[in-house]
Amino acid sequence: MRYVNLKDKAYQLIKDRIISGEYAPGQPLNEKAIIKELSISRTPFREAINALSKEDLVDIYPNRGMFVRAITIEDISQVFDIRMILEPYMIRLVCGNMPEEVIDKLDERQQDADHMNEDAVLEEDDYFHQTILKYVKNSHLVKIMQNLYDCNRMRIIFTRQTLSSRGALTEHREILAAVRRNDPDEAARLMEDHILHSKNRAINALL
Numbered sequence: 040m041r042y043v044n045l046k047d048k049a050y051q052l053i054k055d056r057i058i059s060g061e062y063a064p065g066q067p068l069n070e071k072a073i074i075k076e077l078s079i080s081r082t083p084f085r086e087a088i089n090a091l092s093k094e095d096l097v098d099i100y101p102n103r104g105m106f107v108r109a110i111t112i113e114d115i116s117q118v119f120d121i122r123m124i125l126e127p128y129m130i131r132l133v134c135g136n137m138p139e140e141v142i143d144k145l146d147e148r149q150q151d152a153d154h155m156n157e158d159a160v161l162e163e164d165d166y167f168h169q170t171i172l173k174y175v176k177n178s179h180l181v182k183i184m185q186n187l188y189d190c191n192r193m194r195i196i197f198t199r200q201t202l203s204s205r206g207a208l209t210e211h212r213e214i215l216a217a218v219r220r221n222d223p224d225e226a227a228r229l230m231e232d233h234i235l236h237s238k239n240r241a242i243n244a245l246l
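The opening position of the sequence shown corresponds to residue 40 in my numbering, with each subsequent residue numbered one higher.
Since the hints were derived computationally from the structure, they do not count as laboratory data. Glycine included, every Cβ here is placed at the ideal spot set by N, Cα and C. Check before you lean on any hint, since a few could be wrong.
Stated by the list, open to error - What follows is a list of derived Cβ distance ranges for each label pair:
#1 R85 x H154: 42 to 48 Å
#2 K182 x D114: 19 to 25 Å
#3 K144 x Q117: 28 to 34 Å
#4 N102 x E213: 46 to 52 Å
Claimed, not checked - Cross-link-like lysine-lysine pairs, in silico, DSS-like; alpha carbons within 27 Å at most:
#5 K71 x K93
#6 K238 x K173
#7 K182 x K46
#8 K54 x K173
#9 K48 x K182
#10 K54 x K176
#11 K144 x K48
#12 K48 x K75
#13 K71 x K238
#14 K93 x K75
#15 K71 x K48
#16 K144 x K182
#17 K176 x K238
#18 K93 x K173
#19 K93 x K144
#20 K46 x K238
#21 K238 x K182
#22 K176 x K144
Build the full structure now, drawing on both the sequences and the hints.
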């Protein structure tokens, strides 16, 4: 059990630093420094890196080292294409299952976008999608979406699409209005539009 915990400890620390932007895309991971910091051996560190590689957060190159995965337009496009397929279905599952008080709280949080700094806007975008995910009664879909959100968050942080993200918060409110009316068709249509707009914003930020 101790061995498993050391691997998980390394995995979570590195993943958190990648997603938060502390480890930048393309940055090499200093194996010796991380092992020393966590007081672990090389084996749990390598297993953590292999797990992160499977989640497309780390690239491993023989004889070169381990690097945080770089951001490319193709990569961003592919992540959003998958989201565009899954999230309209996901919001259908949420309609009728999300409590009114949760909808109220989400809606209220989206209203203050004009007064938020860029970090707060990114946090609100993440909070919106993570909250919706809590009301999806499909554990396999939740796991897939969580991985996509983790990848997406890292990319959004480094494209810094702040002003356009404020527009995303307005789109969130429109989706919430459809969920409140228990209108899955309209909620799905709005979610598809939202993901498409978010994809275009992210790509334009890199051009």
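Is K93 close enough to K144, meaning Cα to Cα at most 27 Å?
This hinted pair is violated, its Cα atoms lying about 35 Å apart.
Lying within 28 to 34 Å: is that true of the beta-carbon distance K144 to Q117?
Between K144 and Q117, where Cβ atoms are some 32 Å apart, the hint holds.
Given the hint that K71 pairs with K48, test it: the Cα-Cα distance must not exceed 27 Å.
holds (16 Å)
Distance restraint between K48 and K182, which requires alpha-carbon spacing of 27 Å or less
holds (19 Å)
Restraint check for K144 with K48, where alpha carbons must lie at most 27 Å apart
Violated: K144 and K48 sit about 33 Å apart, past 27 Å.
Pair hint K48 and K75, alpha-carbon separation not exceeding 27 Å
holds (13 Å)
Are the Cα atoms of K182 and K46 separated by 27 Å or less?
holds (20 Å)
Holds or violated: K238 and K182, Cα atoms, limit 27 Å.
Distance ~21 Å between K238 and K182 Cα, so the pair holds.
Hinted pair K71 and K238, Cα distance within 27 Å
violated (37 Å)
Is K93 within 27 Å of K173, Cα to Cα?
holds (24 Å)
Is the straight-line distance between the alpha-carbon of K176 and that of K238 27 Å or less?
holds (26 Å)
Pair hint outcome, K144 versus K182 [Cα-Cα no greater than 27 Å]
With Cα atoms ~24 Å apart, K144 and K182 stay inside 27 Å; holds.
In summary, the numbered hints that this structure violates are 11, 13, 19, 20.
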